[in-house]
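Protein chains in written order, with the numbering used here: chain A, 24 to 340; chain B, 320 to 448.
Since the hints were derived computationally from the structure, they do not count as laboratory data. For every residue, glycine included, the Cβ atom is placed at its ideal position computed from N, Cα and C. Just so you know, nobody snuck in bad clues.
Ranges of calculated distance between the beta carbons of each label pair, as one might list FRET restraints:
hint : chain 1 : residue 1 : chain 2 : residue 2 : range
1    : A       : Arg220    : B       : Gly431    : 41 to 49 Å
2    : A       : Gln131    : B       : Ile410    : 28 to 36 Å
3    : B       : Arg444    : A       : Glu299    : 28 to 36 Å
4    : A       : Pro325    : B       : His333    : 51 to 59 Å
5    : B       : Asp433    : A       : Leu278    : 53 to 61 Å
SDA-like cross-link-like pairs, simulated, lysine to any residue; straight-line CA separation at most 25 Å:
hint : chain 1 : residue 1 : chain 2 : residue 2
6    : A       : Lys39     : B       : Arg396
7    : A       : Lys249    : A       : Arg267
8    : A       : Lys39     : A       : Gly52
9    : A       : Lys57     : A       : Glu291
10   : A       : Lys31     : B       : Gln397
11   : B       : Lys338    : A       : Pro108
12   : A       : Lys100    : A       : Gln263
13   : A       : Lys100    : B       : Thr359
14   : A       : Lys31     : B       : Met400
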Amino acid sequence: MKDLDDLKQGIFQGQKRAIARGLTWIEQGRQEGKLLAQQLFAHAGRAHVIGVTGSPGVGKSTLVNGLTLHLRHGGYKVGIIAVDPSSPFTGGAILGDRIRMQDSVMDQGVFMRSLASRGHLGGLSRATFGALTLLDAAGFDKILIETVGAGQSEVEIMQMAHTTMVVLAPGMGDDIQAIKAGILEIGQVFVVNKADRDGADHTVRSIRSMLGLTSEHPDWMPPIIKTVAEDGRGMEEVSQALFRHHQYLTEHGLLDRFRWTQTEHVIEQAVSDLGERLVRQARSESSWTKRVSAVGEGSDDPDRVAGEIWRHSIQED
Amino acid sequence: MIRVLVAKPGLDGHDRGAKVIARALRDAGMEVVYTGLHQTPEQVVDAALSEDVDVLALSILSGAHPTLVPRIMELVRQNHMDDVLILLGGIIPEDDVEDMVQAGVAKVFGPGTDTNDIVRFIRERVKDE
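Required output: the full structure, derived from the provided sequences and hints.
Below is the structure:
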């Protein structure tokens, strides 16, 4: 399994071990992983990528499980990427999304992988795009990405998923929270989960009234669907809404635009990564202390120092 | 990054120990997948395979280890996961430890184990890439 071509063949055949190892390569971010992602890219582009976001505790994992079971009944192959946060102090992580996905993941037509955010902000992992490409190339029809669930900085999912599904639950945070989170602008489908609880209709009404205030998607009015993911209620309606949105994107020629902005985003992200590396490099050099002192004493300014670090790095290349 | 699956195969409903281990490994900078209670050997190995973990840490308190562990090892071999380090914890009688090691478990950690010893053992055996 060490050879790139073997791995690629295994991925095309949908072998779990090959897919799993390929994802590890991509996550490690080394040259072989980059090469793999690049070569797989030409074979990707068929899957419908669906983002699942929302605050912790609204039932995102349970919904992914329920939806996966439903989609499997329809004969679709489902890939799942679930992102959990890494500790900013130790870099470690507990990845617990599998706990609520036990019913669906054993199926041969399902592949589920947990990713840690590894310091990446925005609710996803740096490896998300590569992971999507791989699952797409492996022939999964539907790819579900579950975000970290911090709720307030999850905008990146828009760049990765064709359809972003925002999950809420009755009594979880008031209307103002939702506006503050900017969560209404990113959703193309809204799900009020745990709808057997008190206040579900109230939550639906507040989403509807707030959606009325935004005009982000003039041709697409985001549906609001009540679900009880635990027992499968509402899964049919959710999957219908997802299909309709994908159809809408196709009919309006929006898929190409999506691909373009996604690619832009991925390049932007790579540039930011470069910047982060520059910072690490600069900190490890002996001149760092001198630079910090100079700025601290007022004899230099941060922008000039940054320019110097940047120029210095170009000379070294 | 070292990735570990902490798994609870079998029917016992006690995962306090498994959770303590999961936290300790996370605090040591590892990524720990936890799958919850009542896993079949098939589920455990499927998760380890999909998550491509370096370490599979099993916690069994039910006394069913003589059947569960050999079955898990059989599936591990079937899936060519020979590079995965297998650890076992929980209530494993002294007399059974040798059998477990024979079956393919790298080490058995009994009650009262210092979590630092487990971290050290993993770090010695797994190359962190």
